[in-house]
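Listed in order, the protein sequences are those of chains Z and E. Sequential numbering of the first sequence, starting at 1, is according to our numbering. Sequential numbering of the second sequence, starting at 1, is according to our numbering.
Treat the hints with caution; some may be incorrect.
Since copy identity is lost for identical chains, a pair holds within one copy or between any two.
[Unchecked claim] In silico lysine-lysine, DSS-like type, Cα no more than 30 Å apart, as pairs:
| no. | residue 1 | residue 2 |
| --- | --- | --- |
| 1 | K315 | K262 |
| 2 | K128 | K315 |
| 3 | K185 | K313 |
| 4 | K292 | K262 |
In case anyone wonders, no lab produced these hints; they're calculated from the structure. The structure displayed is predicted, hence computed values, not measured ones.
Protein chains: 2
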Amino acid sequence: MEETGLSSSSSPSSVSRIPCPSPGGDCHQAFPELQNDTFLRAAWGEATDYTPVWCMRQAGRYLTEFLATRAGQDFFLTCRSPETCCELTLQALGMQVTMVPGKGPTFPSPLRAEKDLDRLQAPVDVDKELGYVFQAITLTRHQLAGRVPLIGFSGAPWTLMSYMVEGGGSNTMAQAKRWLYQWPKASHRLLGLLTDVLVPYLVGQVAAGAQALQVFESHAGHLGPELFSEFALPYIRDVAKRVKAGLQEVGLAPVPLIIFAKDGHYALEELAQAGYEVVGIDWKVNPALARKRVGKSVTLQGNLDPCALYASKEKIGQCVEEMLEAFGPQRHIANLGHGIYPDMDPAHIGAFVEAVHRHSRRLRNK
Amino acid sequence: MEETGLSSSSSPSSVSRIPCPSPGGDCHQAFPELQNDTFLRAAWGEATDYTPVWCMRQAGRYLTEFLATRAGQDFFLTCRSPETCCELTLQALGMQVTMVPGKGPTFPSPLRAEKDLDRLQAPVDVDKELGYVFQAITLTRHQLAGRVPLIGFSGAPWTLMSYMVEGGGSNTMAQAKRWLYQWPKASHRLLGLLTDVLVPYLVGQVAAGAQALQVFESHAGHLGPELFSEFALPYIRDVAKRVKAGLQEVGLAPVPLIIFAKDGHYALEELAQAGYEVVGIDWKVNPALARKRVGKSVTLQGNLDPCALYASKEKIGQCVEEMLEAFGPQRHIANLGHGIYPDMDPAHIGAFVEAVHRHSRRLRNK
């Protein structure tokens with residue numbers, strides 16, 4: 001369903017201007033037909049024959065090796081890390097970003113006071129600033145040749161804000177949280193400004209070929225219920241609502257939206273009501289308890305500990321089996337709660353994927 | 001009650017050999033009488049007139065300034081950080097430790113394989129290796145002059161293990177978790193060995209003058225329910241059981257034990273049954289839900305977001321009021337879920353302490 005082409009003539013907004021990699025016009029109609037919609041059907045809450053599975057990469061080393069394996073042929077794979085997403089979005093706002101190896105994106109001139117907001121570029125022309133991302137998405141969609149769906153990404157407003165204020169990673173996010181406590185108005189101004197960029201960025205990704213969207217609130221674990229309710233959740237909701245409206249406005253079919261608030265265990269109920277079809281949970285949350293808390297209205301995604309892939313293949317199989325039984329056979333997308341670590345043996349990623357497929361079929365025949 | 005002196009003649013084990021700072025014998029009988037046992041009574045689950053409060057320091061700058069304020073006179077204060085505790089314990093095992101400013105303890109030769117366990121010093125003679133800690137505790141107890149009780153500390157086995165394997169801080173603790181998944185037997189050997197050091201270390205702290213003990217599982221947030229049950233909880237339980245037995249064995253009165261597993265929200269029920277009188281919770285856990293989950297058998301400690309101290313004094317007062325109402329008036333020790341950050345205004349720490357005292361008295365008169 002989500003592979004429905006884009007009728008570019010019906011796009012009144014900026015997203016109609018995305019570059020078309022195939023000469024002579026309506027490139028999106030030319031996207032190869034999707035041959036495996038298991039992930040998308042699970043995301044929409046439809047029954048599937050087995051549990052779909054995908055992972056984020058953290059670094060690139062293992063990718064080609066893994067794709068050469070059998071498991072790699074039937075695997076939902078993304079080609080960008082959430083850190084990269086944050087970097088790109090913030091560059092569009094005029095923030096200078098440098099990638100420091102082993103440290104992720106670093107901002108040499110982080111936001112230090114409300115007046116620093118004035119140096120941000122707003123409103124952002126996402127096609128001009130991020131058109132190359134849309135081109136990459138379109139090319140990737142073509143290269144996938146319909147084997148699996150393509151997932152677009154973005155950091156959520158609070159996570160982006162924390163990068164901008166901290167200037168890089170932080171154990172405590174104390175400077176970003178200081179903003180929330182000391183300058184709530186300025187914080188809301190910044191979060192609103194980030195939301196205004198994210199909406200056309202995500203809509204543009206779908207126009208370019210993304211068949212689902214995941215929004216990462218990677219730094220939810222630094223907030224608590226109160227800060228999250230005030231400074232994260234309203235923007236997470238707003239993104240979903242406005243992206244859905246934006247897709248409709250430009251004549252694009254809806255795509256499933258995924259929200260993953262890492263370490264946001266305290267807000268599961270609220271996240272399940274935030275307008276996303278899928279809620280990601282990390283490996284610190286018991287899947288059966290999570291299902292009890294969120295009800296039946298959403299698909300859950302997760303939640304193998306990425307370090308479990310260090311275990312033997314037999315042990316990985318056991319962990320997967322326990323995970324699948326805890327989630328139940330339907331409305332589940334198997335996933336790690338974090339990127340794959342660069343020192344991970346590709347054969348173990350294969351064991352994970354195969355175990356999900358095998359055990360989830362068995363679970364359905366019980 | 002916990003200010004009961006030590007009858008050193010009844011101490012058959014190594015703890016009887018702790019150095020005595022006052023010449024001529026039974027120094028512990030000479031400890032000044034405790035004038036404020038509110039904290040200890042709350043820890044034991046007894047009713048108190050107001051809610052006691054204490055904080056950990058993260059760095060030292062503000063301390064003298066704060067102690068000069070009125071709030072500082074009636075404040076339960078510890079003089080060491082958990083990082084320092086870990087450092088000392090691991091040095092006792094023969095690990096070389098260096099303190100890197102801004103990074104905490106760093107181990108130039110971390111454990112990389114099971115054979116590295118052979119280079120650890122075991123069994124450890126804690127009096128020989130850590131006698132200076134005991135001396136510092138005794139001196140501090142004398143210097144406190146009975147104003148407030150003195151709390152001893154240690155990292156829990158998993159947290160200590162993660163430092164030893166990672167060699168320092170880590171965002172993912174992936175190397176330490178790799179041990180748990182790949183080498184479960186070696187991991188249990190190491191965790192057992194650490195428990196064997198912790199027990200006499202904690203008993204020795206009480207013998208030296210500590211009137212309560214807090215065990216930090218600072219890195220619980222990297223585990224999930226399964227790993228925690230297998231590699232953290234059994235040792236946390238074992239520490240409590242053996243410390244209690246050890247105190248009895250050397251004729252020391254029991255002291256309340258506190259367990260604080262940061263980000264261990266998923267294991268609250270188990271922690272409440274682990275043999276500790278007090279369970280600490282961080283600011284990501286709703287206090288009313290926590291109380292519902294743990295029942296009435298333990299005192300809860302927590303849980304103001306340390307960054308809330310960046311807010312205005314009025315806002316700090318509001319946050320404290322909400323927190324106290326959520327915990328209820330009794331069986332609660334107010335606390336931050338983390339150390340005080342070095343850039344914190346001492347006057348705001350004072351506002352926190354005063355707000356706890358003021359609102360908790362008001363709450364009791366409602």
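Cross-check of the supplied hints:
no.: 1; hint: K315 - K262; result: both (25 Å within a copy, 27 Å between copies)
no.: 2; hint: K128 - K315; result: neither (48 Å within a copy, 42 Å between copies)
no.: 3; hint: K185 - K313; result: between (51 Å within a copy, 17 Å between copies)
no.: 4; hint: K292 - K262; result: both (19 Å within a copy, 24 Å between copies)
Of the hints listed earlier, the one the structure fails to meet is number 2.
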